[in-house]
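Trainee: Protein chains in written order, with our numbering: chain A, 77 to 424; chain B, 77 to 424; chain C, 77 to 424; chain D, 77 to 424.
Keep in mind that the hints were calculated from the coordinates and are not lab data.
Worth double-checking, as some hints may not be accurate.
As the list claims (entries may be wrong) - With the Cβ distance kept under 7 Å, some of the chain C side facing chain D (calculated, not the full set): (1) I176; (2) L178; (3) E181; (4) Y231.
Said to hold, decoys possible - What the simulated footprint calls covered on chain D by chain B, stretch by stretch (three residues with Cβ under 8 Å from a Cβ of chain B suffice, anywhere in the stretch; the number is not a length): (5) 163-170; (6) 183-194.
All figures in this text were calculated on a predicted structure; none of them were measured in a lab.
Even glycine gets a Cβ: it sits at the ideal position worked out from N, Cα and C.
Given next are the chains, with one letter for each unit.
There are 4 protein chains.
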Amino acid sequence: MKWVGPIRVSGDAVGGTDEVSVPLATYETPLWPSVGRGARVSTLIEGGIRTVVVDERMSRSVLLEADDAATAYAAWLRITGSREELQAVVATTSRFARLIDLHSEIVGDLLFVRFELTTGDASGHNMVTLASERLMDHILATIPGVRYGSISGNYCIDKKPSAVNGILGRGKNVVTEILIPREIVERRLRTTAKRVETLNTRKNLLGSLLAGSIRSANAHYANMLLGFYLATGQDAANIVEGSQGVTRAEDRDGDLYFSCTLPNVIVGSVGNGKGLPEVEEALTRLGCREDREPGENARRLAVLAAASVLCGELSLLAAQTNPGELMRSHVVLERGESRGDRVQTPPA
Amino acid sequence: MKWVGPIRVSGDAVGGTDEVSVPLATYETPLWPSVGRGARVSTLIEGGIRTVVVDERMSRSVLLEADDAATAYAAWLRITGSREELQAVVATTSRFARLIDLHSEIVGDLLFVRFELTTGDASGHNMVTLASERLMDHILATIPGVRYGSISGNYCIDKKPSAVNGILGRGKNVVTEILIPREIVERRLRTTAKRVETLNTRKNLLGSLLAGSIRSANAHYANMLLGFYLATGQDAANIVEGSQGVTRAEDRDGDLYFSCTLPNVIVGSVGNGKGLPEVEEALTRLGCREDREPGENARRLAVLAAASVLCGELSLLAAQTNPGELMRSHVVLERGESRGDRVQTPPA
Amino acid sequence: MKWVGPIRVSGDAVGGTDEVSVPLATYETPLWPSVGRGARVSTLIEGGIRTVVVDERMSRSVLLEADDAATAYAAWLRITGSREELQAVVATTSRFARLIDLHSEIVGDLLFVRFELTTGDASGHNMVTLASERLMDHILATIPGVRYGSISGNYCIDKKPSAVNGILGRGKNVVTEILIPREIVERRLRTTAKRVETLNTRKNLLGSLLAGSIRSANAHYANMLLGFYLATGQDAANIVEGSQGVTRAEDRDGDLYFSCTLPNVIVGSVGNGKGLPEVEEALTRLGCREDREPGENARRLAVLAAASVLCGELSLLAAQTNPGELMRSHVVLERGESRGDRVQTPPA
Amino acid sequence: MKWVGPIRVSGDAVGGTDEVSVPLATYETPLWPSVGRGARVSTLIEGGIRTVVVDERMSRSVLLEADDAATAYAAWLRITGSREELQAVVATTSRFARLIDLHSEIVGDLLFVRFELTTGDASGHNMVTLASERLMDHILATIPGVRYGSISGNYCIDKKPSAVNGILGRGKNVVTEILIPREIVERRLRTTAKRVETLNTRKNLLGSLLAGSIRSANAHYANMLLGFYLATGQDAANIVEGSQGVTRAEDRDGDLYFSCTLPNVIVGSVGNGKGLPEVEEALTRLGCREDREPGENARRLAVLAAASVLCGELSLLAAQTNPGELMRSHVVLERGESRGDRVQTPPA
C-alpha cells in the first residue's frame, strides 16, 4: 500500500477545490507511478479534476411468483401505488435508508421488483437487504396472489457485469473531467491531444465494442478501483461493476479534454471493514470521517476514487500512444530505476 | 485471511482426488462459513467436486492502422500464413511462451490482431505484452501498408466485462460439477434439488438476463475469487472477467446436479506478487509450488479457485431458497454465535 | 401472405376472450403450419393465450453538448423540474402525443435526454421525432450552456439490439402465457412438459447466454414478427428490437406452462404504410380499425402479434425436442405433402 | 419497391469497379432518396465504395448431453480430431457444403458444438441444418457417453442479437469504405468531415454503448438491409444480425473517411424465395445470376447490400449533423416536393 498524489480535485462533493493524496493497495507496483503522473498533471491545472455526483442509490431486487401474469401486473400496480407505505416499512429498518425509486420486470408469471434506496454513508448492501426483506414480508402479507421467490433476483445486480446498473443506477454515478493545455500534454504526457483522442476512440470505444463488452469503454478502471477499495476497507468485489465506465478524450484545438464517467462507484465511509485501524486511518486522512450530513463523507470518498481512476487512465492511454513506452518503462521499473512519469502499469 | 475447508476435489489437474483447504482474504467474514458449508458437502461425496480444465491461454490484441481495408485484409492473410515465423519471434521472448492461436477483426482500415499464448505457470499478462510488442515490431518490419496503432486494442480484453474472453478464451476455462444426493441436500443445505434448480433458473439465468448481463449467470463468483486471488498473490482485478461464469443446477430424481463453469480463471503460481512470504506459504500449502511440468502448478491453482467458487455458490443459492435465512444468519454471525452451516454471505 | 389460425386469445386488450386469425407474409412457408399448430393448441384451452400489456411508450433521445459536466447536470435537473412545461410543448405537436417519462445519461460534458411518450394508435416514430425536435428547441432556448448535438443520440434506441429498450421500455411490453394440459402436450405437440422445459433452459436461456446475446432468450420471435409486421403495414425493421424477448417453459405436474414476454412490440394501426388496401383490409379483419379510445386498436394489434409469436415459438420448441423431426417435416413440406402439425420452420 | 442508384462500387467481389442500381422494398419511402444521395456521392469518386469480403460461413450449433464434463471434453477432443471424417459426412448432404471450422462450449455436462460451413451461393440455413443433423447422427453413433440435446442450441445463433456471430462469423463479413473529398462533403452532404466524425463517435459509438447495445455502432443499417433483403428474396429476419455493425467516420484533413463494417450479411442468390419472378428479375439485374464459381454470385450480392447500407448511413448521419434537417425534409417529402438530396429517413 502506498499513498499517491496529491491529486487536485474540485466539485461540490469536496467542498470546492482540494488537493488530496490517495492510498492504493496493489501487487502491481507500476500502478503507483502511473497514477502519480496523472496526479501531477492535475495539480498544474486550475480546478484540477472537476467532478459531479449525478446519482446515488443502492439496489436490491426481490423475486416474486404470481398466480399468473395479470396478477403479477396487478401486484406491481399496487406496489407502485403504495410508496409511502413502503417508505414507512423501510424507515423501521434504518434511520439512514430511504426508498427513492422502484422498478420492475414481469416475465410470464414472475415479478422482479428492484428497490432503490439511499443509504447515508454506507455502501448499503446490508441495509438494502434488510429493507428488502421487510418490504417483501409486507408485500406478501398485503397483496394476494404473490409468493416468495428469492430475496435476490439478480436484477439488482451485485458484482456481475450488467447494463441495468448503469441505466437505473447503483452506487455513486461520478463524472470527472479535465481540460489539459497542449503544452502540458506534450511535456508531461509526451503525446498530443489528437493522438490520445484517436487511441481512445479506437481502443476504448471500438475495441471494447468488438470484444462484446457492455456499457464499458476504458483501459483499466478496475486497477485503480481495486487499489483504492482495498486501501479504504471497501468490498473490493464491487470493482466488477466499477470496471464499467466510459473514457472520453477529445482534441480541442490542441488541448486535451479528458473525462472518466463511472456510473457505479460503490463505497462507504462506514460499515464492514471500516473499523480496522489502517482503514480508519486512511479514511481519516482522506477527510472522509468528518462530522457532516449523512452521505457527504461517502460522496467525497467516491469522488476521490473516481479522480484516482482518471489519473491512472490518462497516464496509461498517453503511454500507449507511444510504441514501446510501456515495455521500456516496465523494464526500467524492474531495475529499480523508476524515473517518475515514464513508468506505467501493464497495458490493459 | 482464513483457511477454509478441506474441499474434496478431483480431476487431472489435481492428479486424481485430493482434499485441500483454501485461503480466502476478505473483509466480508460471512464468506468463510459459506464456503465452508459447501466444502463440507464436497467431502461427503465420492470424488467430491469433479473438475476439468478445457482450455488455457493468455491474450493480447494489438491494433494496426492500414492503408485501407483491402491492405488490412492482405496483412491479416499474411500474418496467419506465417505462424511458424511468429512462433519463432515469441520464442525469443520467453521459454514458456507459445503462440497457440490468432484472431482478428477488420473494421474499415483498422486491423486488430489477438495473439493467444500459453504462458507456463504465469498468469501471463507481462509475457504476452512483451511477446506482442516483438510480434508487432516484426509485422511492421515485414508487412507493407500497416502502422502502429496500439500495443493493446481492447480486443484482448483485460479487466473489463466482455463476450470475447468467454468465446475465444482467456485464462483457464475450468468446469466444475458435483452430484449431491437428496439426503445431503436436505440435511446439509436445508433445501431440495428442485428448489435450487428453480432458483438458479429464475435468478441466475433469467434475472441476470433481465439485468442486461453478458455471458454471466451466477450469484457471487466474484466474492470467492477475490478472496482466493488476494490470498494467493494474484492480480485481483481479474475478478472482473472471473465474475462471468455459469451456474447450472438440475434436479435429477431428487439429487442435485450442481455445476460452475468459469471460462476465465486468471491465476499464476509464479510472477508478480508471488514472492511475498505469506503468498509463497499459501501457494506451497495449496501444493502449487511443486516441481512439475510448466503449467501444472497453475492449472492446479485454477482448479482450486474454481472449486472454492462452487462451494460458495452452492451455499448461497441453497440459503436463498429459504425466506429469511440469509438475514437471520447474518444477525447470528454478528452476535458471534456463528453455528457453521447456517451462516451466509450477503445475498449477491 | 397467408392467414393462419384462429388463435384463441384473452386479456383486456382484446376485450375478454376472442378467436382471431392472423396474417403472416413470408418467403419461409413452413412458418404457416408451425404457427398454425400453436394456434390449434390455443383453441383447445379455456382462455387460450392469456395476455397483458404491462407498458407502452415510444422514445427518442436527443444529444446535447454542455459547457462542462456540472452544466450538463444542472440542465438535466432543470429539465426534470419542468415536465409540465415540456408536456405543453409536446401537446403542440400532436393531440395524441403525451410525455410520460424522461431519462438521461451524462458522460463528461455530454447530456443524452430520452423522451418517452405515448402516441395513441401510431407506433410513434415520427411523432416522437417531431416532439423531440420541438422539445430540444425549447431546451436550447431556455437553458443556458447547452448546444445541439443530435436529434438522435442512439439512447432511444431504434432498430439496434440493446438493453435499454427492455429496461426503460419502447413499444408495447406484452406478456403472453398459456397452461397446456399434459394430454394436449403429448398428443398435439408430440412431447412432454419436462422435455420442453429442459430444452428451453438449455437452448434459449443457456445457449443464448453463451452466444453473448443481450436480454434475449427465445428460438425465433423474429420470424413471426416479420411475417406479422409485413402483413399489417408495420416498419418491419422493428423486428430487431422485437427479436429480444424471453420464453419461459415449466413442467407443472406434467402440464406445460409456456410464456413469451415481448418487451418491444412496435406496431401501429395508423401511420405510414397503413393506407395500402391490403394492409387496411388486414387491420380491419384483425379488428384493429374499430372506433375506440386512442391506443386501444394498437394494443389489440400488439397482443395479436405477441400471441402469434407464442404459437410459433411453442411449435418450434416442441419439434426440437424430437431428433430429426424438423428435417423430416421440411422434406414432407417440400414434397407438397404437408400434414399439418408435423411441419416446422427451419430451426432457429 | 424502387430501384435506387447507381452506386459505384469496387472490390474483388464485383470484379473491379462497377456501377449498379439496387432495389429497395419498403413502406418507409424516405429511404429511397436517402440511399440515393449516398449513391450519387459514390459516383463522384474514383473506385466509389471500396469493398472487401473478409469472411464467409454459415453456422449451426447442436447441443449434446454428456455423462459428465470430462466426457463432454473427451467428446469434443475426439470431434476436433476427426475433421476429415466429419467433412466426408457433410459432403454427403450437399455438393456445396464444406466444413471449415468447429467451435464448442462446455458448460457442466453439456456440450455445444458449432459447425461452420461454406454453402456456395445459398445463404445456407437449410444446408447447415441438414449437415448438422447428419453430423450429430454420426457423433452419436461413434462417440460414447453423449446424447441428443437439440438440433439447435442457440450458439449458432439465428435471428437474435449476439456477440458470437460477429466474433466467430455468420454470413458474409463485408467491409466497405470511401474517402470523400471535402468539397463533396460540403456541397452534396451539406456538412463537414469533422461534424460527421464527432456525431458518429458520440451517437453511434457512445450512444449505442450507453443503450447497452452489443457489437453495434450504427444509425440504421436495418432499414437498408430490410429493403434490400425483401427485394431480393432473402429471409429478411436476418436483419436482426445485420443490424449489428460498425460505422467509422474520420476527418482526414477535411476529407471524410467513412466506413461501414457488416460482419453478418446473410444473403443467397439461390434458395427459398429466389424463384419468384420479381426476385429472379432483381437478382438478374444485379448481376447475381451469372455463370460463375459457386459463391461468387452470393458474394457480389452481399457486397451490393453492404454498399447500399453505406449510402443510407452516410446520408442520414450527414443530415443529423444539421438541426432540423430531418424533420424539414420529411415535411417536404410528405408534400410530394421531394428535392433529392435533402430528403431523409426518420432518425434512427
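Trainee: A separate judgement is required for each hint: does it hold in the structure or not?
Mentor: So, going through the hints one by one against the coordinates:
A least Cβ separation of about 19 Å between I176/C and chain D goes past the 7 Å threshold, and the interface hint is therefore violated. Restraint check, L178/C versus chain D: the minimum CB separation of about 15 Å is more than 7 Å; hint violated. Nearest Cβ of chain D to the Cβ of E181/C: about 5 Å, under the 7 Å cut. The hint holds. The interface hint given for Y231/C holds, since its Cβ lies 5 Å from the closest Cβ of chain D, which is under the 7 Å cut-off.
Coverage of the segment 163-170 of chain D by chain B is violated [criterion: at least 3 residues with CB-CB distance below 8 Å; count 0]. For the segment 183-194 of chain D, the stated coverage by chain B holds: 4 residues have a C-beta nearer than 8 Å to a C-beta of that chain, and at least 3 were required.
Consistency with the previously given hints fails for numbers 1, 2, 5, ordered from lowest to highest.
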